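Using the sequences provided together with the hints, build the complete structure.
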Amino acid sequence: MFTKHEPRFALTILLVLAFFIPTFFTPSLAAAGDGSLSSPYSVSQAIANQDSTVKTVSGYVTGQPTSANTVVTSGYPNDYAIALADSSSETNNAKMVYVQIPASFRSEFGLKTNPSLKGKKITVTGTLSAYFTHPGLKDVSAMFSGNDSPEPETPGVGSYYDSASGKSGLALKNALHQIIDDHSEISYSNVWDALRKTDEDPNNTNNVILLYTGRSQGKTMNGSGVNDWNREHVWAKSHGDFGTTLGPGTDLHHLRPTDVSVNSTRNNLDFDNGGFEHTEAIGNYYDSDSWEPRDSVKGDVARMLFYMAVRYEGVAGEVDLELNNQVNNGTAPYHGKLAVLLEWNEQDPVDAFERNRNEIIYNEYQHNRNPFIDHPEWAAAIWQ
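121 is the number of the first residue of the sequence shown in the working numbering; add one for each residue after it.
Since the hints were made in silico from the structure, they are not lab data.
Just to be clear, a hint being listed does not mean it is correct.
[As the list claims (entries may be wrong)] Think about it this way: if two alpha-carbon atoms lie no more than 16 angstroms apart in a straight line, the pair counts; the simulated EDC-like pairs of lysine to aspartate or glutamate are: (1) K293 to E442; (2) K339 to E320; (3) K339 to D321; (4) K258 to D171; (5) K240 to E228; (6) K238 to E210; (7) K241 to E228; (8) K357 to E438; (9) K240 to E210; (10) K238 to E228; (11) K357 to E442; (12) K293 to D494; (13) K293 to E433; (14) K293 to D282.
[To be verified] Derived DEER-like restraints, expressed as beta-carbon distance ranges: (15) S307 to S344: 15 to 23 angstroms; (16) N387 to A214: 47 to 55 angstroms; (17) A214 to A501: 53 to 61 angstroms.
Quantities reported herein were computed from a predicted structural model and do not represent experimental measurements.
Every residue, glycine too, gets a C-beta built ideally from N, C-alpha and C.
This is how it looks when you write it as structure tokens:
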């Protein structure tokens, strides 16, 4: 039986426990993010999500991994890798993610060259995939030092497009090329996951919107089946014969999810008005030498092709892509029909879906923009 003093005693015990329990059971201080540049994954999230997706991860440099179970903290043998943890004092490598450093970042982030980086916080964008058979981050496209990821520049006068201000014609085309050139490239296999994010249905986060049909379809319903979705190269990859190579073959600014059979019909056709209506992709028309997309994406298609003609100028071994007023361009590095594309750019203005794609590609994947989404008037300034 309880005495008359026991309720007061029990209350005292509860108060004591309330004071001490947080001390003993404090959770990890690493904040959870969504893996974007503005909200990076913690290291613990990166370890738990080794699913070959492209994510941004933030953590403290704890040393250099040299095997699955070894992280050295001095006498670094080379600049090829670093280990990150949610705490700068972490010594348990099971709580670390191993980052494979590409050659372009070794001089700045390799520990042999920069031993003072140990204990510093850095942010890395790459593919969540095992390295040394240990939770890792590979195919790294960006690395930043400091406690916070840099805020992306807001496009506009005096910032991203400053060097293009006041120009027209070839001078504008060249200025824009210099701005958007040398973007962070992703592999063709990683395009699947990127499209699940760039083309997400704003009304159903489990789906993507297919370019030509406009159909909302499950993100995981991709592949080669009759009603699956696959990766459409809007600038047909045979026009310049670049295939699926890094650069033009994996550039998200012109890759879109499309129905497999519709993609097969479009094939490598140039763009023009007219033809027979597609029975599955209502509102799209085609004939033996051209494809006309539905009205609500005509401008999207035009602006994607404008981007490709500016981004790929034959520099550093890349293909030189150009627009012309022809169809049946075949394997030549040309795409048409320019006059029609300029009309479509005017007829179908930039919408929220395009703007959102541009932001995601810029902030999370390639770190370059499609100028013709930000400034559709520049198409006429260059080609008319």
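Tested hints:
Between K293 and E442 the alpha-carbon distance is near 11 angstroms, which keeps this suggested pair within the 16 angstroms criterion. At roughly 8 angstroms between alpha-carbon atoms, K339 and E320 fall within 16 angstroms of each other, so this suggested pair holds. Straight-line distance between C-alpha atoms of K339 and D321 comes to about 9 angstroms, which keeps the hinted pair within the 16 angstroms bound. For the proposed pair K258 and D171, the alpha carbon gap of about 12 angstroms is at most 16 angstroms, so the pair holds.
Under the criterion of a C-alpha separation no larger than 16 angstroms, the hint pairing K240 with E228 is consistent with the structure, at around 13 angstroms. With a C-alpha separation of about 11 angstroms, the suggested pair K238 and E210 falls inside the 16 angstroms cut-off, and the hint holds. For the hint pairing K241 with E228, the CA-to-CA distance comes to about 14 angstroms; that is within 16 angstroms, so the pair holds. Taking the CA atoms of K357 and E438, the gap is near 13 angstroms; set against the 16 angstroms cutoff, the hint holds.
Between K240 and E210 the alpha-carbon distance is near 12 angstroms, which keeps this suggested pair within the 16 angstroms criterion. Simply put, K238 and E228 have alpha-carbon atoms about 13 angstroms apart, close enough for the 16 angstroms limit, and the pair holds. Annotation: proposed proximity of K357 to E442 holds, straight-line Cα distance about 13 angstroms (limit 16 angstroms). With a C-alpha separation of about 15 angstroms, the suggested pair K293 and D494 falls inside the 16 angstroms cut-off, and the hint holds.
Straight-line distance between C-alpha atoms of K293 and E433 comes to about 10 angstroms, which keeps the hinted pair within the 16 angstroms bound. As the CA atoms of K293 and D282 are separated by approximately 14 angstroms, the hinted pair is consistent with the 16 angstroms bound. Under the hint 15 to 23 angstroms, the C-beta atoms of S307 and S344, about 19 angstroms apart, fit the expected range. For N387 and A214, the hinted distance range of 47 to 55 angstroms is satisfied, since their beta carbons lie about 50 angstroms from each other.
For A214 and A501, the Cβ-Cβ distance of about 56 angstroms falls inside the hinted range of 53 to 61 angstroms, so the restraint holds.
No hint from the list above goes unmet by this structure.
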